[in-house]
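Taking the hints into account, I'd like the entire structure generated from these sequences.
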Amino acid sequence: MSENQQSMIKTSFILNQYYKVLQQRIEALKEIGRLKEELARKDMIIKRLQTQSFGSKSERRKNITEGDWNLLGLPLEPEDADELVQLPQESVVPPSEIVHALEEESKERRKAAKEKTKKESKERGWAKVPKNLEHRREEVYPEGYNPETMTIIGSDTVRILQREPATFYVQEIIYHKCLLRETVSSTHQTILQHPALPRLIPSSFVGDSVILEMLVSKYTHHIPEYRQ
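Going by the working numbering, the sequence shown opens with residue 1483, and the numbers climb by one from there.
Since the hints were derived computationally from the structure, they do not count as laboratory data. For clarity, every value in this text was computed on a predicted model and none was experimentally measured. Yeah, the Cβ is synthetic: ideal placement off N, Cα and C, and Gly gets one too. Warning: the hint list may mix true and false statements.
[Unchecked claim] The calculated DMTMM-like cross-link candidates involving lysine to aspartate or glutamate, where the alpha carbons are at most 20 angstroms apart (straight line), are:
(1) Lys1596 / Glu1586
(2) Lys1598 / Glu1586
(3) Lys1502 / Glu1513
(4) Lys1610 / Glu1586
(5) Lys1659 / Glu1620
(6) Lys1700 / Glu1646
(7) Lys1596 / Glu1579
(8) Lys1659 / Glu1630
(9) Lys1610 / Glu1654
(10) Lys1524 / Glu1579
(11) Lys1613 / Glu1646
(12) Lys1610 / Asp1638
(13) Lys1659 / Glu1621
(14) Lys1659 / Asp1638
(15) Lys1613 / Glu1586
(16) Lys1589 / Glu1579
(17) Lys1524 / Glu1513
(18) Lys1598 / Glu1587
(19) Lys1659 / Glu1625
[Stated by the list, open to error] Estimated spans, in silico, between C-beta atoms of each pair:
(20) Tyr1500 / Glu1585: 52 to 60 angstroms
(21) Ala1595 / Gly1515: 45 to 53 angstroms
(22) Asn1614 / Glu1695: 15 to 23 angstroms
See below:
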């Protein structure tokens, strides 16, 4: 074999090895591009989820323009991957911003709870009942009440949960306070109010009819309290 042939064989071998290395490099570049696209897609999904979780607080980090992605309408599998690769490096939100957003949201919730508490009535705390429950009002005046000689200056309201067969309602008993007009200018004014009506449990929110129903259900029908 001549020297020229040996040189050609050696050159062919080198070219073949170079071609293999070049092919491997091309495959590596393709893999890098695919990983970048996957990372950008996941970053966009995270940003969309943060927008849904925090609303306008997270949106203030970036001004949405006509050329940007619509984060609220972005599908989880975007069709145009090239634009995803061109996303800014700050697409991943730092943990400090997430913590700050959570603190702001917590402050707003506490503020709203305080405002709600202030709006509630300062009267005695009644037991909570469904809002659609019927209220039946009963007004009780002092014995011997005369609207011509007495002036109502206030009232005390007592709410009692009562029961009819298959029906609950709240009974409101309003005890009016009356002032004798003839004693208005006197140093010893006369104020009249009917005494509290007799009940099985005077200070209880539960009325006599409910208590009787519970007793009858327990001792006559043998129904446990938790099933009544």
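Worksheet item: Does the structure keep Lys1613 and Glu1586 at a Cα separation of 20 angstroms or less?
Response: Violated, at roughly 33 angstroms.
Worksheet item: For the pair supplied as a hint, Lys1613 and Glu1646, is the alpha-carbon distance within the 20 angstroms limit?
Response: holds, 18 angstroms
Worksheet item: For the pair supplied as a hint, Lys1524 and Glu1579, is the alpha-carbon distance within the 20 angstroms limit?
Response: Given that 20 angstroms is the threshold and the Cα spacing comes to 19 angstroms, the pair holds.
Worksheet item: If you draw a straight line from the CA of Lys1610 to the CA of Glu1654, is it 20 angstroms or shorter?
Response: holds, 14 angstroms
Worksheet entry | Given hint Glu1586 paired with Lys1610 - CA-CA distance at most 20 angstroms | violated, 31 angstroms
Worksheet item: Does Asp1638 lie within 20 angstroms of Lys1610 when you go C-alpha to C-alpha?
Response: Holds. Lys1610 to Asp1638 sits at ~19 angstroms (cutoff 20 angstroms).
Worksheet item: In this structure, is the beta-carbon distance linking Ala1595 and Gly1515 contained in 45 to 53 angstroms?
Response: holds, 51 angstroms
Worksheet item: Are the Cα positions of Lys1598 and Glu1586 separated by 20 angstroms at most?
Response: Status holds; Cα separation ~18 angstroms.
Practice prompt. Sort out whether Glu1513 lies within 20 angstroms of Lys1502, counting only the CA atoms.
Written response: The given pair, whose Cα atoms are some 17 angstroms apart, holds under the 20 angstroms limit.
Practice prompt. May I ask you to test the hint 52 to 60 angstroms on the CB atoms belonging to Tyr1500 and Glu1585?
Written response: Holds, since Tyr1500 and Glu1585 (Cβ atoms, about 59 angstroms apart) stay within the stated range.
Discussion item. Need the status of pair Lys1524, Glu1513: alpha-carbon distance at most 20 angstroms?
Written reply: Holds, at roughly 16 angstroms.
Worksheet entry | Restraint status (C-alpha distance of Lys1659 to Glu1621 at most 20 angstroms) | At roughly 11 angstroms apart (the allowed maximum being 20 angstroms), Glu1621 and Lys1659 satisfy the hint.
Of the hints listed earlier, those the structure fails to meet are numbers 4, 7 and 15, in rising order.
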